[in-house]
Structures are given as C-alpha cells and as structure tokens.
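Student: Residue numbers (full-length UniProt numbering), protein chains in the order written: chain A, 1 to 303; chain B, 1 to 303; chain C, 1 to 303; chain D, 1 to 303.
No lab work stands behind these hints: they were computed from the structure.
None of the hints are false.
List of simulated lysine to any residue pairs, SDA-like, C-alpha gap at most 20 Å:
# : chain 1 : residue 1 : chain 2 : residue 2
1 : C       : Lys251    : D       : Asp110
2 : D       : Lys251    : C       : Gly114
3 : B       : Lys251    : A       : Asp110
4 : A       : Lys251    : A       : Val185
5 : A       : Lys251    : A       : Pro190
6 : A       : Lys251    : B       : Ala111
7 : A       : Lys251    : B       : Gly114
8 : D       : Lys251    : C       : Ala111
9 : B       : Lys251    : A       : Gly114
On the chain A side, residues computed to face chain D include the following (Cβ under 7 Å):
#  : residue
10 : Gly20
11 : Pro21
12 : Gly24
13 : Leu68
14 : Gly114
Glycine included, each C-beta is placed from N, C-alpha and C at the ideal position.
Given next are the chains, with one letter for each unit.
4 protein chains.
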Amino acid sequence: MSINSFGHMLRLTTWGESHGPAIGCVVDGCPPGLELDEPWVQRFLDARRPGTSKNVSPRQEPDRVRILSGTYEGRTTGTPIAMMIDNVDARSADYSNLPPRPGHADAAYDAKYGFRDPRGGGRASARETAMRVAGGAVARLVIPEVNIAAAVVEIGGEQDESRWEEMLDEARSGSDSLGAIIECVATGVPIGWGAPIYAKLDAELAAACMGINAVKGVEIGEGFAAGRARGSESMEAKKASGIDGGISTGKAIVVRVAFKPTSSIGIGGRHDPCVGIRGAPVVEAMVALVLADHKLLHRGQCG
Amino acid sequence: MSINSFGHMLRLTTWGESHGPAIGCVVDGCPPGLELDEPWVQRFLDARRPGTSKNVSPRQEPDRVRILSGTYEGRTTGTPIAMMIDNVDARSADYSNLPPRPGHADAAYDAKYGFRDPRGGGRASARETAMRVAGGAVARLVIPEVNIAAAVVEIGGEQDESRWEEMLDEARSGSDSLGAIIECVATGVPIGWGAPIYAKLDAELAAACMGINAVKGVEIGEGFAAGRARGSESMEAKKASGIDGGISTGKAIVVRVAFKPTSSIGIGGRHDPCVGIRGAPVVEAMVALVLADHKLLHRGQCG
Amino acid sequence: MSINSFGHMLRLTTWGESHGPAIGCVVDGCPPGLELDEPWVQRFLDARRPGTSKNVSPRQEPDRVRILSGTYEGRTTGTPIAMMIDNVDARSADYSNLPPRPGHADAAYDAKYGFRDPRGGGRASARETAMRVAGGAVARLVIPEVNIAAAVVEIGGEQDESRWEEMLDEARSGSDSLGAIIECVATGVPIGWGAPIYAKLDAELAAACMGINAVKGVEIGEGFAAGRARGSESMEAKKASGIDGGISTGKAIVVRVAFKPTSSIGIGGRHDPCVGIRGAPVVEAMVALVLADHKLLHRGQCG
Amino acid sequence: MSINSFGHMLRLTTWGESHGPAIGCVVDGCPPGLELDEPWVQRFLDARRPGTSKNVSPRQEPDRVRILSGTYEGRTTGTPIAMMIDNVDARSADYSNLPPRPGHADAAYDAKYGFRDPRGGGRASARETAMRVAGGAVARLVIPEVNIAAAVVEIGGEQDESRWEEMLDEARSGSDSLGAIIECVATGVPIGWGAPIYAKLDAELAAACMGINAVKGVEIGEGFAAGRARGSESMEAKKASGIDGGISTGKAIVVRVAFKPTSSIGIGGRHDPCVGIRGAPVVEAMVALVLADHKLLHRGQCG
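Modelling step: build the complete structure from the supplied sequences, incorporating the hints.
Tutor: And the structure:
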C-alpha cells in the first residue's frame, strides 16, 4: 500500500512541494525496450505549461524535465524511471503571509499534519500535476495502440465555444472564476482490460480523475444522463459503452470530468480564472496511466 | 496488489458466483475488540434483500450470513473476518440458454477470460453486492462516530417522490427501466482523514462507488454543478465542502451516485425496473469501507 | 497492502481459527482455463494430514476441502477461488485452562490484540497451514513447467536418516522435541523470473518460508555455508545458482528452511515431537505460490 | 503492488543505475513533525562510503545526499521525502568491454529485460544500497525507542577477529574473496509489532535482508541452530525470543545475515575482497525500515 503512489503493475510515485527545490516522480514497472527520451516527455509538459496565454498564471518556469534513471541508449530498461523538474521560479514571497485560503486545502492539511507549509500551497498546488503529465507520457509508450484525447467541452455552464473567451475575460477582470467540464475519449482499447469488482477499469478511471486537483465529479459514458434516463432511451442500455462490468468492450471509452471554479479570487498576479483550461493534458495523462496499468495486468493474468 | 480486494488497512476481498454454492468475503485489518455478531450484519443485508417489494426481483433467498472467523465471544479478534451466504435459490435454468445480454458484461467478460459462465451473470450480478454490504457492516464498527445515510433522490430524471411509484409501475408493465440517482451523506467525520494526491478521500470514494454494478457517475459535494458554476456562486468556493484537497474537513461529506437503467428489458420474471432502488445500502457500505480504511490510515501515519 | 494476504498478481488470503467452525482461503488472480477440482487440492492436503503416523498428533480430522467459487466445469474462471475446510474435531476442552505457553505466541498475541483466544492456539496453530497447502495446489497449476520437491534432510542435527525413527521415539517418550531442516528444490524455472531490488525472487522465497509457523532460518543455494567460504571454494561464486541478483537463472533453485523444536513439551496427547516432519508440503506450497506469482509478474511486465 | 518499493505504511522506492547520473529514493508515509536534515542522513551514509580503508573499493565518491522534498524548517511534513545522490565518479570505462560476470546478475538480467546495461552492474551493484541506508536513516526517526546495531561476527568462517586483517590481506593479494556473517540486534522494540501469518515481523525482516545484494541466508534468534537442536536444549523453546508467532515479544530481536564471497575475482582496481564488511549499515537500515513500518501498522490497526 502506498498513499502517494498510484497503480498496480505500472506504478507512479510523485514527490515535491511546489515551492521546494524540485518536483519529481518515479515510474516503475514499465516494460523494457520502449523508446523514451526527454523530448518525448517535454512535449506533453509544454502542452500544460503556465504562461502560454493570458488565461493562465504568468509564472515563467520553463519546466524542463530530466530523466535520471530507467533508460539506456534511448530505451527503457525495465527499471524505475525517475524524472525531475527543478523549480526555477519560486516567488514564495507572494504566499508567505497568507491566512489559510478556503478551498485551497490548507486548513485540513494543517489539522492532519500539525502545521502549515506556507510555501505556496505545498503539494496541493496545481503544479504538482506536472509530474502526473510526465508519468502519463511514459504510460503512453506502453499503449501505442490507444489514442487518448481530452478537450474542454463546457466552461461555466456554456457549451458554445465562441462565448468562452469573453466569459474568461469577464471572470478575470471581475476577480471571479469559472468551472469547466473536460471530456476525454480513448479509442483503440481492445476488449478485456480491467478486472471485475475491485480493479474495474471505470472505478480506477474515476479514482484517477477525481484525484486531480479541483475535480468534483467523474462520469463514464452517459454518466449522470444515464441516471436520469429510461432504458428505452438510454444508449448505455441499447449498446455496450466502452466499459461494461468494469472491463473494456473494444468501443470508445468516454470520461467526463468536472473542475470546480478556482477559489483564488482577488489575489491578483496568480489568478487562474479557470483551472479547468489546463486540465486536459492532466486528464489524458491519468487515463493513460490507468489504461497502461490495466494492459499489463491483463497480460499478466491472462497472457 | 490485489485485483479482487479493496482498501489499504481495512481490506475487503469478496468471492463467489451468483449461482455458485455460496458467496462470501474476508475483511482483514479490522481492529480488535469491536462488538460484532451475525444479527448486526444481517440487519444491513435485510435492508437490501430482494423480494421485499413489487419493484424488486421476486427471488426468495433469505440471504442468511454466517461469520466463520475473526470473532470470539462477540468481539473482533483483529484477525480476518470471513463471512458467507449460502445460495439457496439458484434458478440457473432461467439463464442457461441466453445469448450475451447487452450491457450485462458477458461479452467483455467472455473475451477477457475465454469463456462464458452462463450461470446467471456470474460475478457481475447485483447479488454479489450482498458481501459488500456485509463488509460495510464491519466497517461501521470502526467508525462509530460517523453517521452514514443514503437515499434515492431522483428516479428517471424525476425528483418529485410522489411520482415514483407510478413511474415504476409504468416501467414494469412496459418492460422498460429507469435510471436513478442516490445521495449519501456522511456526518461526524473529523478533520484530517485522507492522504493527499493518491489516497485522496474523494478519489477513493469515487472508485468505491463507480465500482458498484450499474454506476456510471460519481460526484462529491456540488459535483458537476460546480463544473458549471462561477466561483462567485459556488458553494465549493465559498466554504469548504466535506473534503478539500483530498482530506476531510470536518463538514458533511456528500456523495452522489448515478445508476444507469438496467438492461434486462423484457426478460420477465427477474425484471428490476430500477436497480438503483437497491443501491442505497450498497453505497452506504462502500462509503463506510472507505472512511473506516482512512481512519486507520490516518491513525497509523499520524497517531 | 494487506496484512493477511500474500503475493502480488497471484494473491492468497487465509482466514480461520483452528478451533473455530472452519478455516479457508481465497486465491485471486489465478489465470482462467486451468483444470482445477477438489481431488487435486485434496491430494496435497492428505500429504500433510495429522494422524498418519505415530509421530504426529492423533487428531482425526479428515480435512476435506471444498471449492466454493472460481471454477466452472472443472476449470478456473479467472475469478477468486474460495476454498474451505470445516473443522470437525475441535477438542477445545484440552486447551481451555492453559496458561500462555512459551514459544506458542500467546503472550505477544495477547498484548497486541488485548485478549487471549484460548481455543487452541488460534491462528498461530500449525493447522492454519492447511490453507497454504491448498493455495499452493492452485499455484502449481500456474507453473506446470516447474517441479517442486521438499524433504527433511536433518532432524535434531542428524543427517543420517536411519537414526531418525529412534530419535523421534526418544523425544516422544522423554517429552522432548527436535528441530528439523527441510530442503526444497525447484527445477524447470526458466531464466528471468523475479524483479530486482524489492521483489527479488530470493527475498520473497525467504519471506514465504520464514512466515511458516516455527521457522527460524531460511537460506538459498549455499546459504550460510557461502557466508563461511572463500570465493575460490564457493559454488556461488564459480557458477550461477538458481537465483542471481534476485532473478532466476534457469538452474535449480534450492531453499533450505530450519524449523525450531516445538515447545509443547509435556502436554501429552497432542505432542508433535518434531513439527518439521510436516513441513515439507507447506514449504513446497509456499515456494509454488511465490514462483507462480513471479511467472505472472514477469509476463505482465515483459510479455 | 510495486516491484521496486518496499513496505506497507512506510514505503521506500529506490531508483538509479550505479553509473547513471544519480541515484535516489522516495520515502513516503513518514509521520509529520520528526526532525530530519541532510547531516542526519549523511552520517549513516558515511559509515558505508567506499574508500575508507584498504579493504574496500578505492572509488572516491563523496556520496553527498540531498533532501529534495518532504521537510520544512527541519521537520518532516508527512509528504513524500525524496533524496538523491549525484554520481560523481563514473569510471564506466573499466566495465565497458566485460563479458557477463558470473554471479553478478548480468546474464539473468539480460534475459529478463532483453539487453545488457554495461555501465557497471546497473542496479545490481552494491552502490544502490546507499539509498537503502538513506531510507533507513529516515526510518530510525520513526522508532527512537529502538536501538539497532549490526556488526560482522564471522569472516570466511573465522570468528576470531584478530585473524580478519590477515585473511583479508591474503584474499586481496591472492585475488580471492571471503564470505561474511553479520549479526544485527534490535533492542527496545515493544511487544506487539508484526501481524500474524503474512506480515509477520520475522518474515519481513527475512525478505528485507535476503534482498540485500550478495545475501544468501537469514536467520532469526537461534536460526539454523534451532533447526539442529532439541527442545530441552533450545533457547527458542525455553524462553521467548524477540519474535514469536510473527509478533515482537519485547525482548531483543537478533537477525543474522550471510553474505556470499564477492565474485569479482581478478578484475583489480575495484576488488572488494569481502563485500560483507560494508554490510552492517545496510542490514541496520533494512531492519529499521521494517520495524518502523510495523510500528505504524500496529498503531493503525490497534491504536
């Protein structure tokens, strides 16, 4: 059991405080012989790097990842893969004198561990997800047959994309924030991944996504719409979805994730009006980790 | 790692095919000295027993649970607690010649394991949840300070309870089925349970509930509503919910679970028009298991 | 993490007090399609059943095992396999008024759990190993290419078999007891099983065997003799043993296990003068469980 | 399940190839509030650093450890503690053209993973143990009530210390090597740590020690001597040892570990005539990790 690791066969352990000297992760159980280098991982990190648009925090970290073990001549060795990102831009000063911020997990964290680390949200900060994205990059190597793509489908209750820019500007200038819903589709997953009852593929996807900072809901396939439907209308009842009884069916797997509005209202400088905007690469990474883990599990038990 | 076990410190392993000779479970890691006897567990099982109303399958199993180990003179010994229910009413004949039923997990199960067990849905059947309820009964002993109550809040999209009986009759006679949404509230959970990042309390509640047969969505607190809100309106942003950053805050924890419409349309005899109706005791049991597990985890790491 | 389960992919959970109503186990992660029936398991249990000679306790349990789940038409289904043995001969009366017996784990058990279960040594009794043997029987199905054979090689320091009968008679009539050393050889293990560092095959064999009741030492290959040798003399240095760097080499794996003398001196009736005599089937079972687990692990990670 | 992690509540994951850019580890589950800084860890590393005497390899790494996460103002935060040592002295050239060396785990490693990493023994090298010693340093903070001390008690079969220097010189000049036996004593362990059957304290100590590079045997208390004794003579039978039935008794726990002779005969420069000499700090570290893990486990289950 590990309270800071994730996965069964392919296991991700992350470490690092946002404003400590570095953040990192260890991926172990990766099969040997897969092509892995820093540019491969960097590419996925760059898709989430803050500072790429006015809608995300203007912190200027380059987020350069280093691979410290687990590869030789460009291929995985089968041994643990350690990756690390040095924290260049600390700016701890901005956070040093703040009282616990509601919704930012400080009060509960404080009570659990007995003190508060004022250095900027500690591990509960969104930057920690960088290492999940790095882990997801490795996971993708295990499942080349699978395509995973996530995108924002709703912001602040609005599905019409043409309105989003305006809504985000309003939120930014009004020191307000917006929730978002992200949809992730995985195609190419063959039939048979997932183990019934307690390593059900959907249950593990749910845990992986609910564990992302700011996520408050996860649904698979029709999700809550199925909870409100009749069998005669429901796609879930008429045809198999991507997951049935916890096992993949060969059809597309659709996961939808709800990000709550960020609660940093009025702090200035580091205000993300919609944390969900950066959620897509993280959701993809977590989905990749779960699918890769299950591919290995299935291969192990059933050959 | 166990693909058929659930939990870290307090661990539940279930076994048994619905139409095999028996179903059972083993709960291990339970603290010693807690009062446990068969009537305590039976009480929770009776709340879910089929045959108690016209809206659930008329199978006449008494579902009598036996405790085979782990107790002495009415108290837990700290060793594994094995529980078992003999399957009295098999009625396998009803299922013996059926083709795979869509949405009933046979096709995926078949492909994964290489054959199909025609004896009535095997483990993917709702009866397997009896052992989860039994496990939940033990878990509740670990967390006497917590009150857990789940109830149906929506059937087929309708929140008005006065309409439900009618809708269920219609569905039954029309060989249709209805989805349902169940809400579970846990109060009395102190601050500090849950471990950030990968054993987040909300992530584990999500996995526990998504793993229940027929569940397609799980949300915590405001859930998907938060995904559609603005920070200025959102309760999640204004005041802490029951879980923040994966750790309990001391406030009520609210989990909402969406059950899809059952896909047994037109089979007759064993037709549940709304499987969600029996979902409340199961959701409570899974929530109890997760909370009890986390109480022990927290005590172990932080004293 | 489970404190009463063993294994990674192929996992064994046992339960049951020796003088409770039954003892049982659950094996999960077993691949589907393997031929498994009760006679197969019974055969291994009969090899360890007490009452087969004057040198073991004259308790008359038939130890009949039942398989309650996980098989269909004689083959494993891939789902958890539950097995159970009802306890026919309790004779609890013999143990009801005893003070804690040194070396029988009562005092430590009592202090840990807060009370003493006087019903005959509880789980610390040698009968609990019956379910390990049952688990081992299932494990063997996973590794048909491997042959595992264990035998007593020393009793009370004596390697000459012709002296054993006499020594055992002396010990029995003098209310004394004897230690024993068992050697187990596994052949046919291909190269590559085991994962370096923390799932080393030898480390896991050590844990599996040291966990057997009354075992005080485990050695692999030359063992302690290597600790006393020079490289120029040592077989370990000259040629690869069955395990090198935690991974199997394709050569025979030799494990030697030391059983301490039983401490039931003078109790009469249930006096095993040498508990090691019954150790061979248990050692074989534990070796089978570890090897099977590692076959699946290797297949999962490396294909 | 993690094949490169060790422990239940207090978990150690190590990474790094001996001749890669760095080696490191992550310790998670450590309780918060314990005083931890780099000098504390460095002290234990210096006790094993090569180059301190003529009998160990003259590689000149300073082995400076850095703590990258998990502490704040000198105390543990309860979050994962990452530690790292940059590899200063590579000298890969010495190893680049060697064929697989018997007993050095290359052939088995190669077959398992499909290639050979010629950079100096990869993970199977003794230098990897540096991170175990670092992990052990953290573990000791969890168990301040326990004293752990290991020492060499035999070299090449000789228990008389006055002969060791001479034997080592002979071995060095004759390009031979010597096995060694290390004895580790832990005092101050209270009654009650360890969980019967599969998380038995002795089984886990056995796994921890057998997993150390070059170890071929582990015994607890009287060990193999008990296997050769009579109950009337045996200390194990007369009085409780430090572990009984897998649970600590409050008495001193004695573990003895056998290191085989190193197989690097004749390579020159990097010839350790007796790898066991450096084994004591590693054995202490592994014993500390197991005991600390079990203290937390016991606290979690039993309060």
